[in-house]
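Modelling step: build the complete structure from the supplied sequences, incorporating the hints.
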Amino acid sequence: MDMDRRGFIASLLGWVFGNIQGAVAAPAAAALTEGTAAPGAGPNAPPPDRLAAGNYRARGAGTLPRPVMDRLQTLPLQPQDFGPVDITGRTGCADRVEAALNSGQPVELPAGIYLIERPLRLSVSSFSLRGARDERGTNAMGLAGPGYHAVRLLYRPADPSMAMISIHREKANGAAIGPFLLEDIALDAGRANGIEIGRRSLDTQMVDGAGQAYIFRPVIRGCAFIGARATGESTQAGRLERSGQVLLSLTKAFEAVVEDCSFYGGDIQIDCFACDVPTISRVRSQGANLPLRLEGAGSFTVQARVDGFQCEGWALAAIQVSGAMAARITAIRLEMNNGAPFGEGRLPLPGTVAVKADSGILTFSQSMEGVLFAGLSVLELTDGNHTDHVLVQAVDGRTVTVITADLFRFTWSSPEARAVRIHGYGILNTGREVTLDGISPGAAHDCPWLVWVAGGEMAVSNCLAVPGSYGDIHAMVIGNRHGDQGKELQRRAVFSGVSPLLLPDPHHPLVHAVGATEGHDDNARAPVTASYDEGAVARWWLTPRNSITGVDHASRIIFHRIVVNGQAWYAYNIPAGDSVRLPARGLPRDAARRYRMLVKCRAQGQTAQVSLAAVSHSARVGLGDRSVGSAITVLTYLFQAPASWSSAGSGVNAVLVGASGGALDLIGVEIIDETDLRMADPAEDPTSGRASRRLEVEPGMAAEMFQIPVPATGAAGIARIDLTATPKENSAGPIACHSYELAFGSRAGLPVVLGLRSMRESAYGLDAKSPEMDILLEAQPGPDAITLRVTVRFRAGQNDSRMLTLSGEVQIIGGGATMIITP
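Quick note: the sequence shown uses the numbering used here, first residue 102, plus one each step.
Be aware that a few hints might be false.
Using 25 Å as the maximum straight-line C-alpha spacing, the simulated DMTMM-like pairs for lysine to aspartate or glutamate come out as follows [to be verified]: (1) LYS272 x GLU334; (2) LYS829 x GLU481; (3) LYS457 x ASP484; (4) LYS457 x GLU436; (5) LYS457 x ASP679; (6) LYS272 x ASP377; (7) LYS457 x GLU413; (8) LYS457 x ASP497; (9) LYS829 x GLU775; (10) LYS457 x GLU517; (11) LYS829 x ASP875; (12) LYS829 x ASP885; (13) LYS457 x GLU481; (14) LYS829 x GLU879.
Note that these hints are calculated values from the structure, not bench results.
Written as structure tokens, this is what we have:
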């Protein structure tokens, strides 16, 4: 007690005992609260001034001037005002602490250890509980361990599921309760729950205003919460025992503040459910399964702020953001130092799992109870050809439901896939609007520092990593479908100023990484090809990455990552018999345009048929079917709208790509407006029987370079094809040159290939980075033309991912010299 207050009470008592006669003193003595000790009773009894002041205030004994009574009402109470209290932690004092809090007055705890042997039953709608301050590390009580507080509450109830303080008010029409203050206290909860402000179970099916009254301004400042350390140890089968201990639970608590606190142990340390504008600042966490859970609920989005949060040695996730929650998270350090117990991080699960396309149900060969946890466990599933990451939504024995909704769909099936469980990652975001700034992340070895389940917007900036500290901790994106919101950037994550060690694949269609392509394959993103046709006035690329989202049939447009010959792309998945409609917004409304359409695709199996149609507001024109194999192929279509479109004043506003005879991977469609294209060299006029073209290609990609129309009259001819491949970044000379001669004709009114022979081949190895290559030509007869497909391939034992420039020239040297060759 400070000297000013002691002086005031001493003068007050002098006035009381000097001026109040025995007739007043006797009723005062008789008015002592039941259970209150007389002066001098016991070694822990309070000094006379505290006892007298507490009793006068409690019962109003005697007659004091009004100003004196008002001043007494502002003085904090102590549990010692209500009876003897053992401050060594050997004897329970729940009754005394409870009585002090239920007085409705502020409560102060002198330095000491207080054993709370049962939950405190509070009848007030507001309380203030402070502990005496002492310099940490030198406190007079000799306390050790997390907190080093002068005041420690040892909570040891018979039923550990009951929190020490649980305060809430049921009924939606109940008046709001609060504020609450807990300051400078160390709560050692053992294995029991700690503080519960608002009750989560009353609002698990949250309807705004239902279940319980709103709570305002709970403040927890300068406190330490101590629970049982969560080791994260799993059995060989992956079973992880969770205590369920929650150290601090806040439900429907608005404007809550948790600052300058430390947390040790527990299953969940801070649990915020449906709390609007909670602030969690300057908090240290150690040894929990889930240190911080921020969950929104109800029909409106709540916002949370977290800054200065340091998390060490967690087992499942460091921070979880979910539901209708907009979180602003800044200046965070995640440090994984839990000793790498068995089961931490990536754990291959025993047995197998059945995966079914377009289903969110997994069937394991053994029970996953206690192995996987709803909303927290991440699975990596693979059948050897496909790999997907999913977040567990529910567990029921061998049956596990994963989060799908409009976010994710399996594109493959397998009765015996393998699963790897991922725990110990950093931040899990399934919320609505989340920003992360100034993060110094860590995670279990080779686990992501951030897991984002696409469904809301996220912005990540200014994040650094220490190379090699935790292995590969690149962020993970779970999601393979565009949103249905009708906005181009809807449901995308934006990364800016983030270390390449932390980025997800910046070419993922749901990721926008500002200025970050280092260490990633440029081929994984658009464009489809980059043709060098001089004079093309405009191009449009329709790919999973840059096609506008929220279009017709958006819920059916699923993309996935494919790898062919070491090259990676994101492609739309089109099942056999299905199609996708891609908007071509921005094309001129003038229908009298001439377009070249390049379709980059491959069959998921051996072969598939590709159909392409140009769509206007009122009509559709099919452009024919083509066959593709398992190699990446670029199909070429020419289109000019019919006269009826011009009269209707409409142009191309979408393309429709369909698959038949097998599933299709559609990497994208490139549309080139060639209406105003002019040939630079009159000798290259295609009507003269000569044409040339130049493209950018990837090794192993089949590109349709030319089409030679063959009349149904039986005409025959010979064409010479010269092909040259050079590295895009190397101007020193060609890598390979190849010449072919093609003999063609018609039979029964259809084009036929009469012969194709190699005339000349030259291959150059310019240096170690320019290995020799093959240029392969295929001549494929169609209904009215022969299509020339060219594939550039490295020779055996060589591999390179560089883009190549492929130049080609076709000239009719015999027969139909007036044939129109179409590049």
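Verification of the hints:
1. Distance check on the hinted pair: LYS272 and GLU334 sit about 41 Å apart at the alpha-carbon level, beyond 25 Å; violated.
2. Taken as a hint, the LYS829 and GLU481 pair is broken in the structure, with Cα atoms around 37 Å apart against an allowance of 25 Å.
3. With a C-alpha separation of about 12 Å, the suggested pair LYS457 and ASP484 falls inside the 25 Å cut-off, and the hint holds.
4. Between the alpha carbons of LYS457 and GLU436 the distance comes to roughly 37 Å, so the proposed pair goes past 25 Å and is violated.
5. At roughly 18 Å between alpha-carbon atoms, LYS457 and ASP679 fall within 25 Å of each other, so this suggested pair holds.
6. Between LYS272 and ASP377 the CA atoms are separated by roughly 19 Å; this keeps the pair inside 25 Å, and the hint holds.
7. As the CA atoms of LYS457 and GLU413 are separated by approximately 38 Å, the hinted pair breaks the 25 Å bound.
8. Between LYS457 and ASP497 the CA atoms are separated by roughly 18 Å; this keeps the pair inside 25 Å, and the hint holds.
9. Distance restraint check for LYS829 and GLU775: the Cα-Cα separation of roughly 24 Å lies within the 25 Å cut-off, and the hinted pair is therefore satisfied.
10. Note on LYS457 and GLU517: the hinted pairing holds, with a Cα-Cα distance of about 11 Å set against a maximum of 25 Å.
11. Pair hint LYS829 plus ASP875 holds up; C-alpha atoms about 16 Å apart against a cutoff of 25 Å.
12. The hinted pair formed by LYS829 and ASP885 fails the criterion: a straight-line CA distance of about 34 Å is larger than 25 Å.
13. For the hint linking LYS457 to GLU481, the alpha-carbon distance of about 15 Å falls within 25 Å, and the restraint holds.
14. With a C-alpha separation of about 23 Å, the suggested pair LYS829 and GLU879 falls inside the 25 Å cut-off, and the hint holds.
Consistency note: the structure conflicts with the earlier hints numbered 1, 2, 4, 7 and 12.
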